Amino acid sequence: MLQVDGIQSFYGSSHILFGLSLTVNRGEIVCLLGRNGAGKSTTMKSIMGLVPPRQGSIRFKDENITGQKPYLIARMGMGFVPDDRRVFFDLTVDENLEISERRIEKSDSWNRDRVYDFFQPLKHIRSRKAGLLSGGEQQMLTIARALVTNPELLLLDEPTEGLAPMIVDMLEHRIRALRDAGLTILLAEQNQKTALGLSDRGYILDNGVIRYQGAIKDLQENEEVMRKYLLV
Amino acid sequence: MDFSTTITFNGLIQQFIVGLSRTTILFIVSSGLSLVLGVLRIPNVAHGSLYMLGAFLCYSVATLFGNSPIGFWFAILLAPIGVAIISLATERGLFCHLYDREHLMLLLFTFALMLIFHDAVKLIWGSEYRSLTPPVIFQGSLPILGMPFPKYNLFLLSIGPIVAVGLWFLTQRTKIGKIARAAAVDRDMVGAVGINVSWVFASVFVIGCFLAGLGGALVAPTQNITQGMDHTIIMEAFLIVIIGGLGNVWGALLGALIFGLTDSMGIMILPQFSIVFPYAAVVIVLIFRPKGLLRATW
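Residue numbers (our numbering), protein chains in the order written: chain A, 1 to 232; chain B, 1001 to 1298.
Just chain B, same shape as in the assembly (with noise of 0.2 Å):
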């Protein structure tokens, strides 16, 4: 085997810059599954079909719109819209009837949900692949430090900060998410002092399975759109949201850093072997941190 690849500090720089849009991906979808465990304590198995079914609505409007820059700005936006309405009937369809019943229903239902929504983009999209370019603006590269930066990588990196923002002004900020967090730690109390907990749970379910969505959608242009594409992300959200502790947002964030540049650099480093990098640094956080790396919400 070679190992000879000569690494030089501005491959470096760009596989770092590369690892962090990943990263604002696998943040996005995390983060969202970190919210709904945290504030339901329920791991939402579905939350990878979701954000697959984000990828292929996102593909689906831009063609409707022709692949005009119209219709990309449409689809980013309506694609996460379209999950969290789907996620909004089925909470209020279905979900919100089992709350009171143990964890391993409310498990099972969202296995079940995975089933479905798998079949049904199946049934839909049909199973090959599909892809999307995004607008010509975003097409090209961008010179950084000398070297050719992809611009929709570049695009995706803005992102990452304003929903971390977003995500902190929504916690922190408004009577929704001061009740969410409430709910989080002692649920009764929260109903006992006038609030119905369904309708918290209910929105916190919507804004976490949009996020799913809109981490589909972002990703589209940059990955086949495929069945399994839920597979992948959902392995990946789960080992996220536990390095970075259950329910944790900010540590859905540090969590994905970790897991999003080991990655991008362990191809730098050992290419045979990228694959381990994450997972390895998965075992090392865990070993040290069990609970992970910021206090669990419950």
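So that you can see chain A by itself, here it is in the shape it has in the complex (with noise of 0.2 Å):
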């Protein structure tokens, strides 16, 4: 569903990825492992177009995308979860939905109501500011944000960067229905027991450079690997 070849991508004059490839197929849970700065939120980036690679492409669901402008590739179905969150402070959480939602000929489509059912609690503060929300709460809103835009493929930075333990269970919780619903994730995470737990394959991810590649299962037995990239 997704093939990343061979990417250079800059913040500025910062070189950050260095000649970076990766495959995600479609219904797989894909990780990206790597310590803070390893390049994995402008691995997210660069997919979605928001921070656009000089060398190398991009293809997702058989188009190249590479150079696209982001509302394109959101249209095409890729949905986007950023490590900061950045809900839309200043509306609601209906208004972050709503301005987000678009429908699609399909059944078991999102919309707003489904959300409201998948992510309960948002449904009793709907009408309150996003800005004024909890961490879990706003990383709950970026998540269903994403998903009334009714995507194939969901981009999911550190979606368990700060929140408390038990928000966190709710939230691995949660991913595993949405590949149970037929979402393919692409999941960027520090913490490895959520990551870990979660995925069907990993990378790892070491100064804009891949290191390894495999099976959860492959990676949890190489405890080379895990000690030289993964342990602080």
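In case anyone wonders, no lab produced these hints; they're calculated from the structure. It should be emphasised that the depicted structure is a prediction, and the values quoted were computed from it without experimental measurement. The beta-carbon is built from N, C-alpha and C at its ideal position, and this holds for glycine as well. Hints are supplied without guarantee of correctness; some may be wrong.
[To be verified] Calculated cross-link-like contacts (lysine to aspartate or glutamate; reagent style DMTMM-like; alpha-carbon spacing at most 25 Å): (1) B:Lys1291 - A:Asp90; (2) B:Lys1175 - A:Asp62; (3) B:Lys1175 - A:Glu101; (4) A:Lys129 - A:Asp94.
[Said to hold, decoys possible] FRET-style restraints, in silico, Cβ to Cβ: (5) A:Met166 - B:Asp1100: 40 to 48 Å; (6) A:Gln68 - B:Ile1137: 56 to 64 Å; (7) B:Cys1096 - A:Met76: 18 to 26 Å; (8) B:Asp1100 - A:Arg126: 31 to 39 Å; (9) B:Cys1096 - A:Lys217: 49 to 57 Å; (10) B:Leu1094 - A:Ser14: 28 to 36 Å.
Using the hints, put the two standalone chains together into the complex.
The following block contains the structure:
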């Protein structure tokens, strides 16, 4: 579903990604592991078109989307949940979802009602300003906001960062439910327990380069790689 | 110098109402400026030129209809629409290709627009004064508290609240308004949920310019329509937006009230120095609230 091939990305003049390649197949949860500053978020933003790569190519659903505008990539079926959440602070929960909602001709498509069922706590705070929500509530809202765009591939950037363990458990549960509902997910995580528990395959990123890739089972058995790239 | 102007209660009230009708124009113009500044983050230096264009268009349309009452209403309506169409063409044809450029480029672009519109007005209408008489129902005055009060100013007073409510409805209740508020804070994320931000910018820009044109059309019967009216209003509008809080439409309302009322009340108190009052008010506001009275949107 997603093929990233040798992308080189920059933030201004600093080179962040050095020829990064990865693949995500339909129906998988793939995780991107790595320390802070390894390039996980830049990878996500490059795929979404927010930080277009200077070299290399990105294909989504067999179409070349390299250099495409983010809104067109979103309309093709890519949903983005950024690491800093970035809810629309000035708008209420319901307005956040209203402006993002995009109807598609599908019986099980996501709309506001279905999202409120999926994240029950949001229903009770639907008229509250998003800027006044707790971290966990904002995280639910950013995922919900991506869902109402009816994506086929969801880019989840550090969804559990800075959240209480109880909320993390709830989110893990919800992310599994999304996979069961047929969504493909690329997950960037620092929280290894979450990432390894959820994913089918994983990539380890270090200084903008993929150092390891493989099935989660193999990764968990490979102590050397785990120690070298993931333990602080 | 003789400062012994007698200030009567009725006189104060009258000046107050005159100030309020002046406030209406200032509010309409500066709310448009503030809207564009808040969402596109560009101080549109050409905003005053669009106001002037609105006044000249209003004059021409009214004259075309032989200054009949119908012609007046057409002029009030068509002038801002004409300004909106011109701004849409400018935005889609030129401006929208520059959004990725640095800020200074955009500012320079609006500066260039100001010069172009200024010369275009001079080419089309020449440099003589024009004036427009309001239709008969707005001529003369009505007695308020025993003082005669110009009917046209009362008409202006009724427009202010309509524009304010319209802006409230637009920003708070319509989808485009909600998207614009989201884009003011985080335009990248608005794009990432599949919204074409470029069209949001176009709509906001056109609405802002429409308000400049409306202000110009409404002011046309109250003063000489001349070259240079663009410079006066753009200075005032920027000061109002700054003391109100950048990008905050309600701040523009508050700023316009302060500016308009200090101006008209100042004339009562010290006519010789009346021009100083609104600027002094701006300085005082900025000393105590350097970021403006209400929260800036960015």
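Distance restraint between Lys1291 (chain B) and Asp90 (chain A), which requires alpha-carbon spacing of 25 Å or less | The hint holds at about 19 Å.
Mind checking the alpha carbons of Lys129 (chain A) and Asp94 (chain A) for me, to see if they're no more than 25 Å apart?
-> holds (9 Å)
25 Å Cα cutoff - pair Lys1175 (chain B), Asp62 (chain A) | With a Cα-Cα distance of about 33 Å, the restraint between Lys1175 (chain B) and Asp62 (chain A) is violated, given a limit of 25 Å.
Holds or violated: 28 to 36 Å for the Cβ distance of Leu1094 (chain B) and Ser14 (chain A)?
-> For Leu1094 (chain B) and Ser14 (chain A) the Cβ distance comes to about 33 Å; the hint holds.
Does the Cβ-Cβ separation between Cys1096 (chain B) and Met76 (chain A) fall within 18 to 26 Å?
-> holds (22 Å)
Given the hint of 31 to 39 Å, check if Asp1100 (chain B) and Arg126 (chain A) actually sit that far apart at their C-beta atoms.
-> Given a distance of about 35 Å, which is inside 31 to 39 Å, the answer is holds.
Mind checking the alpha carbons of Lys1175 (chain B) and Glu101 (chain A) for me, to see if they're no more than 25 Å apart?
-> holds (11 Å)
Could one say that the CB atoms of Cys1096 (chain B) and Lys217 (chain A) fall in the range 49 to 57 Å?
-> holds (51 Å)
Mind checking the hinted window 56 to 64 Å against the Cβ distance between Gln68 (chain A) and Ile1137 (chain B)?
-> Between Gln68 (chain A) and Ile1137 (chain B), where Cβ atoms are some 57 Å apart, the hint holds.
Taking the CB of Met166 (chain A) and the CB of Asp1100 (chain B), does the distance hold inside 40 to 48 Å?
-> holds (43 Å)
When each numbered hint is compared with the structure, a violation occurs for hint 2 only.
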